[in-house]
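A.B. asks: The lines below spell out each chain.
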Amino acid sequence: MRGVLKNVALTAGFGGVLALCISLATAQSPPSERKSGFEFMSPESQATQQDDFSNPGMLWVAEGEAVWNAKAGVLGRSCAECHGDASVSMKGVAARYPVYFAESGRPIDLQSRINVCRKTNQNATPFPLEGRDLLALSSFIGKQSRGMPITTGEDNRLEPFRARGQELYEQRQGQLNFSCANCHDDNWGRRLASSMIPQSHPTGYPLYRLEWQGMGSLQRRLRNCMTGVRAEPYPYGSQEYVELELFLMTRAKGMPLETPAVRP
Amino acid sequence: MAGALVLLAVLLPSQARAQDVRPYEIVGDAIPVPLTAAKGDPVRGRAIVVDRQRGLCLLCHTGPFPEQRFQGNLAPDLKGVGIRLSEGQLRLKIVDSRRLNPATIMPPYYAMDGLVRVGRNWQDKPVLSAEQVEDVVAFLTTLTETP
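Residue numbers (the numbering used here), protein chains in the order written: chain S, 1 to 264; chain W, 1001 to 1147.
Just so you know, these hints were derived from the structure itself, not from any lab. Glycine residues also receive a C-beta, built at the ideal position from the N, C-alpha and C atoms. Be aware that one or more of the hints could be misleading.
[Claimed, not checked] A short, non-exhaustive set of chain S residues, derived as facing chain W with CB atoms under 8 Å:
no.	residue
1	S78
2	K119
3	Q122
4	G174
5	R191
6	L192
7	S194
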């Protein structure tokens, strides 16, 4: 396997899938050598992600293309009418989100940005967060940046929000009293029961998770981690998630975007 | 609250929670006196330790539980822990590991102070009851095989 991976430690069934997990020999701490969640997966799951014909996320991408071209709202306008060919106009977009949104004076994530267009340029009702249409459309837009390096965080106005995201990441929370960093910086590569703890780089969202049997956003993933430590998750669309995403994306700067990724 | 080497502390939980966390006394690195009058039951204790929803121990620990798949490796092997630690030391470890090591990732099982954003379903109760803590401690003292 890759040279950096020290040894193949165990074979573990996970969510009905046989997974060959990889354990890293030494102790850990802020990821100097960054690894995508992809590298912690079984060869089978990796192959599923890489083959467009078996990657279930491609269904959402195809649906998203249909939504992109569909007329909507009182004006009967599609995304395509304004933005043209997505492979040109949307190339690199997902790789730089969240961005600073001057109108609100805050960072905005891709899904909320799509809904801004939906409201102001299409005069249509915004898509419900985590609904099928919005996941499909953001998968389709994300796919236009697949393989491109993440560039999030270049705008200086984002800095206080990134710093706030880092604070949330380092804050212990929940009845079990864990911070994100306790697992993802200090213990990545170790096993929490059957799950290999990854470094938490948000390189593949929205992604298809075998455990979900469906597509989900980064916010859904973060809610899972929060309920895992018995903390009260924030509601979908909360500013805290955008700040966490901003922190995680700037931490992953330079890593290639994988949307639509597959995870166990 | 703390002397230099010998820490002697009496935890006085806030009133709202008084019925959930009883006061106990830390002497050195141990809680020598059991939390309940009734003795803990090692058989019930084992069941709690291997239970992924109640004890959660095997999320992080491995131990002498041959029938259990997928034991974690974030924490020391529990094998032989009954030799390494006294009953009172085991009790404090379970009750509130933070008192021994503020940086520990081991959850405080019988404490409610200093926690942030505890989920709605988990508020105002410790992870384990006093009886469950005693059962777990009773079980851990039986882990006397040498590693």
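A.B. asks: Could you run down the list of hints and mark each one as holding or not?
C.D. replies: Hint-by-hint comparison with the structure:
no.	hint	result
1	S78	violated (41 Å)
2	K119	violated (31 Å)
3	Q122	violated (37 Å)
4	G174	holds (6 Å)
5	R191	holds (5 Å)
6	L192	holds (5 Å)
7	S194	holds (4 Å)
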